[in-house]
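Protein chains: 2
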Amino acid sequence: MSAAPRNRRLVLAERPSGMVDEKTVRLEDGPAPDPGPAEALVRVRYLSIDPTIRTWMNDAPGYLPAIAIGDVVRGGGIAEVVKSGNDRYREGDLVFGMTGWQDFAVVDEAAGAMQVLPAGIDPLAALSVLGVTGMTAYFGLLDVGRLVERDTVVVSGAAGATGSVVGQIAKIKGAGRVVGIAGTAEKCAWLVDELGFDGAVNYRTDNVGGKLRELCPKGIDLYFDNVGGEILDTCLGQLALRGRVVLCGAISTYNEAGPVPGPGNYRNLIVVRGRMEGFLILDYLDRFPEAQASMFGWLAEGKILHSEHVVEGLESAPDALNLLFTGGNTGKVIVKVDEP
Amino acid sequence: MSAAPRNRRLVLAERPSGMVDEKTVRLEDGPAPDPGPAEALVRVRYLSIDPTIRTWMNDAPGYLPAIAIGDVVRGGGIAEVVKSGNDRYREGDLVFGMTGWQDFAVVDEAAGAMQVLPAGIDPLAALSVLGVTGMTAYFGLLDVGRLVERDTVVVSGAAGATGSVVGQIAKIKGAGRVVGIAGTAEKCAWLVDELGFDGAVNYRTDNVGGKLRELCPKGIDLYFDNVGGEILDTCLGQLALRGRVVLCGAISTYNEAGPVPGPGNYRNLIVVRGRMEGFLILDYLDRFPEAQASMFGWLAEGKILHSEHVVEGLESAPDALNLLFTGGNTGKVIVKVDEP
Numbered sequence: 010m011s012a013a014p015r016n017r018r019l020v021l022a023e024r025p026s027g028m029v030d031e032k033t034v035r036l037e038d039g040p041a042p043d044p045g046p047a048e049a050l051v052r053v054r055y056l057s058i059d060p061t062i063r064t065w066m067n068d069a070p071g072y073l074p075a076i077a078i079g080d081v082v083r084g085g086g087i088a089e090v091v092k093s094g095n096d097r098y099r100e101g102d103l104v105f106g107m108t109g110w111q112d113f114a115v116v117d118e119a120a121g122a123m124q125v126l127p128a129g130i131d132p133l134a135a136l137s138v139l140g141v142t143g144m145t146a147y148f149g150l151l152d153v154g155r156l157v158e159r160d161t162v163v164v165s166g167a168a169g170a171t172g173s174v175v176g177q178i179a180k181i182k183g184a185g186r187v188v189g190i191a192g193t194a195e196k197c198a199w200l201v202d203e204l205g206f207d208g209a210v211n212y213r214t215d216n217v218g219g220k221l222r223e224l225c226p227k228g229i230d231l232y233f234d235n236v237g238g239e240i241l242d243t244c245l246g247q248l249a250l251r252g253r254v255v256l257c258g259a260i261s262t263y264n265e266a267g268p269v270p271g272p273g274n275y276r277n278l279i280v281v282r283g284r285m286e287g288f289l290i291l292d293y294l295d296r297f298p299e300a301q302a303s304m305f306g307w308l309a310e311g312k313i314l315h316s317e318h319v320v321e322g323l324e325s326a327p328d329a330l331n332l333l334f335t336g337g338n339t340g341k342v343i344v345k346v347d348e349p
Numbered sequence: 010m011s012a013a014p015r016n017r018r019l020v021l022a023e024r025p026s027g028m029v030d031e032k033t034v035r036l037e038d039g040p041a042p043d044p045g046p047a048e049a050l051v052r053v054r055y056l057s058i059d060p061t062i063r064t065w066m067n068d069a070p071g072y073l074p075a076i077a078i079g080d081v082v083r084g085g086g087i088a089e090v091v092k093s094g095n096d097r098y099r100e101g102d103l104v105f106g107m108t109g110w111q112d113f114a115v116v117d118e119a120a121g122a123m124q125v126l127p128a129g130i131d132p133l134a135a136l137s138v139l140g141v142t143g144m145t146a147y148f149g150l151l152d153v154g155r156l157v158e159r160d161t162v163v164v165s166g167a168a169g170a171t172g173s174v175v176g177q178i179a180k181i182k183g184a185g186r187v188v189g190i191a192g193t194a195e196k197c198a199w200l201v202d203e204l205g206f207d208g209a210v211n212y213r214t215d216n217v218g219g220k221l222r223e224l225c226p227k228g229i230d231l232y233f234d235n236v237g238g239e240i241l242d243t244c245l246g247q248l249a250l251r252g253r254v255v256l257c258g259a260i261s262t263y264n265e266a267g268p269v270p271g272p273g274n275y276r277n278l279i280v281v282r283g284r285m286e287g288f289l290i291l292d293y294l295d296r297f298p299e300a301q302a303s304m305f306g307w308l309a310e311g312k313i314l315h316s317e318h319v320v321e322g323l324e325s326a327p328d329a330l331n332l333l334f335t336g337g338n339t340g341k342v343i344v345k346v347d348e349p
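For the protein sequence lines, the chains are A and B, in the order given. Each residue of the first sequence is one higher than the last, beginning at 10 in the working numbering. Each residue of the second sequence is one higher than the last, beginning at 10 in the working numbering.
A hint or two may mislead.
[To be verified] Estimated spans, in silico, between C-beta atoms of each pair:
#1 B:Pro74 / A:Asp80: 54 to 60 Å
#2 B:Thr193 / A:Gly267: 30 to 36 Å
#3 B:Ala69 / A:Gly27: 34 to 40 Å
#4 B:Phe305 / A:Ala77: 54 to 60 Å
[Said to hold, decoys possible] A short list of chain B residues far from chain A (calculated; beta carbon distances all over 12 Å):
#5 Ala13
#6 Arg35
#7 Glu48
#8 Asp68
#9 Gly106
#10 Met107
#11 Val201
#12 Lys227
[Claimed, not checked] Rough simulated footprint, nothing fancy, chain B against chain A, three-plus residues with beta-carbon under 8 Å:
#13 64–72
#14 252–262
If you are wondering where the hints come from, they were derived from the structure by calculation, not from laboratory data. Heads up, the beta-carbon is just placed ideally off N, CA and C, and yes, glycines get one too.
Pulled out of the complex, with its shape left as it was, chain A reads as follows (with noise of 0.2 Å):
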């Protein structure tokens, strides 16, 4: 019988304030888990680098428990079957769901927790526009935020994963006007001229009211926030009548320790009679095929486009965690992990 395969797991050290780093967490080291008879045992391929994660590793109550100081950092990703004693899984198949930041998952079938990806779909896509980025933005725009033709769509991080999908569902679904919201020029160039934004907002040299107001005269319909902060409340000032606002993220914030300042203009919710709702895409699961369907259909049709930002190496997650906050990626960050 060989030995285990090594298996490298990046742990919780401490809770982190502000970006993460090796203090906070941890490169461990020690043999892969030996899956027990109906299981499998997975090697992780791909991590999905998502701003929510950060919020798992403070200590404050949320959709799903902190993640435990000396855990793996919990997170999504796409892994192989190497070993199984379970018949839904077989060696090969490619695997998507929780596997944590490590080298090897066992899947237990109880859990039911990985989803055996369908021939032919590239994995990067899987974690992108055909996943739980793209579903996000999907149920977001049209079911949160009621999406109705000629609305005047405004969403920020729009050169990131969930936002650049945002805006092309838009506008495919007939809106009068879409515009980004970006820190780069780079980034406001690709959305307008690559993914046919409407106009596009650089958030660190742009005045964002002065700008919105010139790309948005009748006020917004709807904002899809991922950022929180100040281009938030920037934007409920700018509310146009019965506008919503959809709650998707506030990666602003996310590095903050303590409470955090809230957006002033909520009592133009009053004024406009506007509505501000937030959701969250684990509660949309059994209606992913819906709009996967559409979207495979946009994909094929070259309405849509995607972009995945991938970093490589395993002990990168930190660091491509880290580059959400700065702005560092266009489109989805995505972690290749390489052998050990």
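Could you slot chain B onto chain A? The hints should help.
Just chain B, lined up with the frame of chain A:
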């Protein structure tokens, strides 16, 4: 031809910062206006004192234009027709509408601004529970808040004109638990002992967060917000899954000049998949009869109690408005306009 009667008018002399006083709202004197051929002259009998009047005094965009400097303070009231060249209004009729803070007003048919009060309706009830205030409670709770049976409901400004009705309708409609937030022990006792609330929090003496957690151990399903500020933030932090925040007013902020802090706990709307929505009762005018029919029934059955805080004298209107901000009232504040 007799001389026109004396007409006192309370005009906005300058924009207040904080409470109103004789510098910001000035009493002027002059002859009553002369109605045109198809118009009516009405003598104001009662003024409805509402927090929103204070917002109209600020030079800020709102759902109605700001009151212009030098104009009579805008406000609703009940008046008696004293002279009419219009078939819709007969001498002696009581009418309600936007009378303004003055002795006399001219009713312009084109504006269609005043409605004749049906016979047998108590004018005080017409301004409170059967009027805009009661309608605000009804549609805010049921239409915007979508109360469902067994909901845990929290209402702030609970001893005020709207809040006291919100809590009682919630009980009638099967809420599992109704908790009011008010500013004195007497008000809290009134809510529980007289109006049938399940609990009350004194925001001046209680730890609001701690007391709410004790009274609403499963979290808040529906928070009806009349006050804004820290209490809104606390309630957002204690929302239950799918919790709803109905934004009716933000009285704690109306006296503030410039930006006000926002609720940092808005992020909890993501965690609980919650919704925060504003509304204006103006949008529900055509549905008043439906709500008034219910309200009439509940009043007749003794299921809804209402309270009016009547202040004597037109010149007391500014002080009456200030009462709303010091919490000096229980129930609806009404000014009884004496004849000069």
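Can you name, in rising order, the numbers of the hints this structure does not satisfy?
As far as the earlier hints go, not one is violated by this structure.
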